[in-house]
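**Student:** As a plain string of letters, each chain reads:
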Amino acid sequence: MPSLFAFANPKRFLDMSAAVLPWFVGATVLTLGTGLVLGFLVPPDYQQGDTVKIMFLHVPAAWTAMMAYGLLALCSLLGLVWRHPLSDVAAKSAAPLGAVFTALGLITGSLWGRPMWGTWWVWDARLTSFLLLLFLYLGYIALWNAIEDEVRAARAAAILALVGVINLPIIEFSVEWWTTLHQGESILRSGGSAIAPVFLWPLLLSGLGYTLLFFTLWMVRIRTEILERRARAILLAGAA
Amino acid sequence: MTALSAILFRDIRLATRAGGSAALALAFFAAVATLVPLGVGADLRVLARIAAGVLWVAAVLAALLSLDRLFQADFEDGSLDLIALSPLSLETVAAAKIAAHWLTTGLPLTLLSPLLGLMFGLPPRAIAALALSLLIGTPAVSALGAIGAGLTLSIRRGGLILPLLVLPLLAPAVIFGAGAVQAALDGLANGALLLLAAFALATTLLSPFAAAAAVRLNLAG
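Protein chains in written order, with the working numbering: chain A, 1 to 240; chain B, 1 to 221.
None of these hints come from the bench; they were simulated from the model. Take these hints with a grain of salt, some might be off.
[As the list claims (entries may be wrong)] Cβ-to-Cβ under 7 Å is the rule here; a few derived chain A residues that face chain B:
{"#": "1", "residue": "136"}
{"#": "2", "residue": "139"}
{"#": "3", "residue": "146"}
{"#": "4", "residue": "152"}
{"#": "5", "residue": "156"}
{"#": "6", "residue": "159"}
{"#": "7", "residue": "163"}
{"#": "8", "residue": "167"}
{"#": "9", "residue": "171"}
{"#": "10", "residue": "174"}
[Claimed, not checked] Sample of chain B residues with no beta-carbon within 12 Å of chain A, all distances over it, derived:
{"#": "11", "residue": "2"}
{"#": "12", "residue": "35"}
{"#": "13", "residue": "49"}
We put the CB at the ideal spot given by N, CA and C, even for glycine.
Let the sequences and hints guide you as you build the complete structure.
**Tutor:** Shown next, in the form of structure tokens:
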């Protein structure tokens, strides 16, 4: 059985990702498209009316944003422990995507909050911890950009990501403790899902679509970063 | 004198002598606290409601002011290389520097806070809660700040990035710290101080390792 590191070879990654990328694009378009179209066709909610349709844009964005931070931390750990350049590249490439999905979650949440809660922004637990998550992403990106040496930047950013991922549950808990207005978990909870199946299926589909979208974009970004580094190396070799 | 206490006392001496950071942090803390009533009005009832949050945020910012130089000054003049070569582990050095930073900022801020609490119209019980929460919570600020200081060690304008890295991580300290004062103000008992203590203990214990790792990667190569 090939070790995990066989896939960490940049050349092999480029070859393999080039082969699977079209499939990922296709699957993304299919699931995200179906999810959003089905989401648009759901009957109006008895309380929320048509605004419930924002859910299919909002909830998956929030899921993806959290997953992205988890993957970012995982890649950081792999990069830090095994000094794998590809993990560093993967972590670096995941950060801006995670930040965008976080921002998307916040913006769609705000647009949903206006008709539902009567205000664009409330200082509620989930919103606030999501805003803090956005700052964690921005700090990570800023640190990467501020350190010129790539190896050093990768390791510094990895330490920050790991500190962040340890702190994130504490931040979540503290903000939760602080106040809450947002509804609790309604999909995964003991006693079964609290959401009607007619809403659940489009939601899960668009959730899958967002996830695939993230992986597709992530792959493209990693490929771009590898090629960019290669181009820079060639330029430097030519200049010397 | 052991190498550890040498580093500790040297850092304390550097922070308290002329041009040191301890007095500046105190002055910053007091100046921010003075500007707030000018912004929100002099109504003592309003000020008492917001005192906990304002003073906690001001204390965190004041402590952050001097953090970017925690390792950087030693890095620039080369003494950090010598310290790293010494038998002392970098984790121990980081712990000593965190302790020195707390003794010269967190502790003085705590001692000044009752006076500012009084000026914000806090009742005695809430003032006691404020001082106690700062006493318990400010070590977490120094500890988490040290990680940021280590990470931004080699960045010339590291002081600009440091708050962005550290402030989101400090959200629990501010929440529990201000929460303890708010609870005292409302005459309620709650576990805020205990949670704050747990947070401060955990961060103080773990941060030296992360800070040392951050310093090490900046020294390598």
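**Student:** Minimum Cβ distance from residue 163(A) to chain B below 7 Å?
**Tutor:** 5 Å, holds
**Student:** Any CB of chain B closer than 7 Å to the CB of residue 156(A)?
**Tutor:** 5 Å, holds
**Student:** Holds or violated: residue 152(A) as interface residue toward chain B, Cβ cutoff 7 Å?
**Tutor:** 6 Å, holds
**Student:** Non-interface claim for residue 35(B): all C-beta distances to chain A beyond 12 Å?
**Tutor:** Consistent with the label, residue 35(B) stays out of reach of chain A, its closest Cβ about 23 Å off (over 12 Å).
**Student:** Minimum Cβ distance from residue 139(A) to chain B below 7 Å?
**Tutor:** Since chain B brings a Cβ to about 4 Å from residue 139(A), closer than 7 Å, the hint holds.
**Student:** Over 12 Å from every CB of chain A: does residue 2(B) meet that, or does the non-interface label fail?
**Tutor:** Holds: least Cβ distance 28 Å, greater than 12 Å.
**Student:** Just to be careful: measuring from the Cβ of residue 167(A) to every Cβ in chain B, is the smallest value less than 7 Å?
**Tutor:** 5 Å, holds
**Student:** The hint names residue 146(A) as touching chain B; please verify it with the least Cβ-Cβ distance against 7 Å.
**Tutor:** 5 Å, holds
**Student:** A closest beta-carbon separation below 7 Å is what the hint needs, so does residue 136(A) meet it against chain B?
**Tutor:** Holds - the Cβ of residue 136(A) comes within 7 Å of chain B, reaching about 5 Å at its closest.
**Student:** Against chain B, run the beta carbon of residue 171(A) and see if the smallest gap drops under 7 Å.
**Tutor:** Constraint on residue 171(A) satisfied, holds at 5 Å.
**Student:** Double-check residue 159(A) for me: the hint is only fine if its C-beta lies closer than 7 Å to a C-beta in chain B.
**Tutor:** Cβ of residue 159(A) sits 5 Å from chain B, so the hint holds.
**Student:** Checking the smallest CB distance to chain A, is residue 49(B) really beyond 12 Å?
**Tutor:** The assertion about residue 49(B) holds, with a minimum of 15 Å to chain A.
Of the hints listed earlier, there is not a single one the structure fails to meet.
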